[in-house]
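Enquirer: Sequence:
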Amino acid sequence: MPIPPGELWKLQDEERRREAAHRRIRWEARRRKLLWIIVGILSLAALSFMGRYIGMLWETLQSLSP
1 MPIPPGELWK
11 LQDEERRREA
21 AHRRIRWEAR
31 RRKLLWIIVG
41 ILSLAALSFM
51 GRYIGMLWET
61 LQSLSP
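Under my numbering, the residues of the sequence shown are numbered 1 to 66, in order.
Take these hints with a grain of salt, some might be off.
Derived DEER-like restraints, expressed as beta-carbon distance ranges [stated by the list, open to error]:
1. 41 / 3: 49 to 57 Å
2. 56 / 27: 41 to 49 Å
3. 3 / 26: 25 to 33 Å
4. 57 / 17: 53 to 61 Å
5. 26 / 50: 32 to 40 Å
6. 11 / 45: 31 to 39 Å
These are calculated hints, taken from the structure and not from any lab test. Every residue, glycine too, gets a C-beta built ideally from N, C-alpha and C.
Working from the sequences, and respecting the hints, build out all of it.
Expert: What follows is the structure, encoded as structure tokens:
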């Protein structure tokens with residue numbers, strides 16, 4: 001017995017919503033990974049600049065002492 005059109009439409013609509021939800025979940029996971037990578041790169045850059053600044057400050061203080 002064939003599925004009535006109303007029931008078929010409901011099944012197709014449910015399938016579309018599930019696919020959209022899965023796409024959204026996959027996109028959010030990718031976005032989270034990208035955000036962690038960006039945060040890691042920015043943290044390394046900040047540590048590098050802080051190290052350079054502390055090194056310059058140390059050299060300046062060493063040159064001022066007799």
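Enquirer: Next, verify each hint and record whether it holds.
Expert: Status of each hint after checking the structure:
Take residue 41 and residue 3: their Cβ atoms lie about 53 Å apart, and the range 49 to 57 Å holds. As the Cβ distance of residue 56 to residue 27 is approximately 43 Å, the hint placing it in 41 to 49 Å holds. Against the hinted window of 25 to 33 Å, the Cβ-Cβ separation of residue 3 and residue 26 comes to about 30 Å, which satisfies the hint. Between residue 57 and residue 17 the beta carbon distance is about 59 Å. The supplied range of 53 to 61 Å therefore holds.
Separated by about 37 Å at the C-beta atoms, residue 26 and residue 50 satisfy the suggested range of 32 to 40 Å. Separation of residue 11 from residue 45 is about 51 Å and departs from the stated range, judged on CB atoms against 31 to 39 Å.
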